[in-house]
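One letter stands for each residue in the lines below.
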Amino acid sequence: MKPILLQGHERSITQIKYNREGDLLFSVAKDTVTNVWYSVNGERLGTYNGHTGAVWCVDCDWDTKNVLTGSADNSCRLWDCETGKQLALLHTNSAVRTCGFDFSGNIIMFSTDKQMGYQCYLNFFDLRDPQQIEDNQPYLSIPCSDHKITSAVWGPLGEFVIAGHENGEFNQFSAKSGEILKKAKEHTKQINDIQTSVDLTMFISASKDNTAKLFDSTSLDHIKTFKTERPVNSAAISPIMEHVVMGGGQEAMEVTTTSTRIGKFEARFFHAAYEEEFGRVKGHFGPINCVAFHPDGKSYSSGGEDGYVRIHYFDPQYFDFELEA
Amino acid sequence: MPSIEYDDSKPSWADQVEEEGDEADQQNKSLEEYGTLPSPKETIKGNIKTVTEYKIDDDGKKFKIVRTFKIETRKASKAVARRKNWKKFGNSEFDAPGPNVATTTVSDDVFMTFISSKEDLNAQDQDEDPMNKLKGQKIVSCRICKGDHWTTRCPYKDTLGPMQKELAEQLGLSTGDKDKPAGSAEPEPAQPAQSKTGKYVPPSLRDGGTRRGESMQPNRRADDNATIRVTNLSEDTRETDLQELFRPFGSISRIYLAKDKNTGQSKGFAFISFHRREDAARAIAGVSGFGYDHLILNVEWAKPSNN
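Heads up: the protein sequence lines correspond to chains A and B, in order.
Everything in the first sequence is counted per the numbering used here, starting at 1 for the first residue and increasing by one.
Everything in the second sequence is counted per the numbering used here, starting at 1001 for the first residue and increasing by one.
No farther apart than 30 Å at their CA atoms in a straight line, the calculated lysine-lysine pairs in the DSSO-like style are these: (1) LYS298/A / LYS1078/B; (2) LYS2/A / LYS1088/B; (3) LYS2/A / LYS1049/B; (4) LYS1087/B / LYS85/A; (5) LYS2/A / LYS1055/B; (6) LYS298/A / LYS1070/B; (7) LYS1084/B / LYS298/A; (8) LYS1084/B / LYS30/A; (9) LYS1087/B / LYS30/A; (10) LYS30/A / LYS1088/B; (11) LYS298/A / LYS1075/B; (12) LYS2/A / LYS1078/B; (13) LYS1087/B / LYS298/A; (14) LYS1088/B / LYS298/A; (15) LYS1070/B / LYS2/A; (16) LYS1075/B / LYS65/A; (17) LYS1064/B / LYS2/A; (18) LYS1087/B / LYS2/A; (19) LYS1084/B / LYS65/A; (20) LYS85/A / LYS1078/B; (21) LYS183/A / LYS114/A; (22) LYS1088/B / LYS65/A; (23) LYS1078/B / LYS65/A; (24) LYS1084/B / LYS85/A; (25) LYS282/A / LYS1070/B; (26) LYS1088/B / LYS85/A; (27) LYS1041/B / LYS2/A; (28) LYS298/A / LYS1049/B; (29) LYS65/A / LYS1087/B; (30) LYS1084/B / LYS2/A.
No lab work stands behind these hints, which were simulated from the structure alone.
This is chain A alone, in the form it adopts within the complex (with noise of 0.2 Å):
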């Protein structure tokens, strides 16, 4: 396969997602722009210019028409997805790490960090009330005091959101009430990336203790792990095959003292059931910091500590390949 290579972020990609249908992909990075990118040719469709630090998470509603992105400038900001207009600023009191749009986009949420003596806060928004917007009210506030979340989706029907924490814990934090519904606590570490199914029944942790685990969403249950000798930054459920593809590699600081051969810095894929790698794929020349596939499963695209984002379309062998048991 050609990689198709997406060079418009000067600073290492932080987040790459698509759309419901796959036809858009958003990349975020460390540094100030949000891109958005046709998947098919990898042609760009244009920027959301306004953060003015870091952007660590986007994300975008089931229609495609708003963009929510957070960044390390204390704000979490929404776009019109056709114009790149900003439509909403709401301001935090420190960086925004991770956010998302409820299944129906008229619920946002977005979680803060700790952060120059703030507590980390899962803030819920309803978009439907301009109200709240307008006062920087969020509807919901969760405090988390003692471990951050460091990333969060959310789970079936809009009624939950699964949170990861820095000491490796799950927390299940109602989107009524704000209360804690289910906690687990498998990753030793801190937890990198969580990315649900098609079909949200299932989740996807990748760990800093060089593990992904897959979850069920609604009990928590713990179903496979897959391991690997390095931290994983990012992994993603196929949604065609039982397959999971990882990336990672070592850690940004330890890149200059080992080269790249040994860094194993590959997507890596994995057979969900069988918990086996079977397949690599080479091409950054840093670690990955995010994966994504595209929702027809036929393409995956990731994004990586040397600031490019690499659309991969699959060959034939990759769909004949069967894994012997």
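Model the placement of chain B on the given structure of chain A, informed by the hints.
The following block gives chain B in isolation, referenced to the frame of chain A:
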């Protein structure tokens, strides 16, 4: 008066070419000034779009850039199709339709490496780590105890070190003593001892120094008199080209094509050894004066090298 001759002589063709280049530059500059560079052209033939652009770089050279695109038509849902027609915005506002080469490029081919079993994977990993290879080897060796550390860090430095020195001195004295009184008692062991210490030994004193050199003997090879020399070859000539050219004349035993060490390009001459002298003679008759790669080949008998 050589200096005057120089002045009168015509400039070499290389200078001429350069001057012509300058003229062309000036033309280009004037083109630039008047803005009459050919405008970019776009032609669409079937599903292939060709974009031709003209550019002038910093040195004033004119470039023609031709890019070809394949146009694909894909069916998509209404929402996706509508989004495909959205106007670009932000930093891409002024980009032309289609991918901009500044932000989107196609990378080199990569393949997914499939792993069938875990053992393969581990073996591969070990190969990949260059440090692993060094692990088994001794990088440092102590001169005193032959251990795996620097001499200065040797734990036996104070005890073994002086002892060895003494021993060495004794040995040196004893051999010297022996040689003097006994004379021809044991001249042989002196040489191996020398070579062991790693000191320089002049070639005349080395093992076998008295024997005559075999490599330097005039050992003329039999096929030398069936060797031809080909000159005026073009720079792009390869051994395979020569093989093709000379094979029809008979079986070839050796082809030597002189090549530049650095560039690997041919230096313009080659030696071809045939098994039989008659074949070589026919090759000379057949190929001498033959036009090859815009040059006329010169083929003759190779003179025996005089060394």
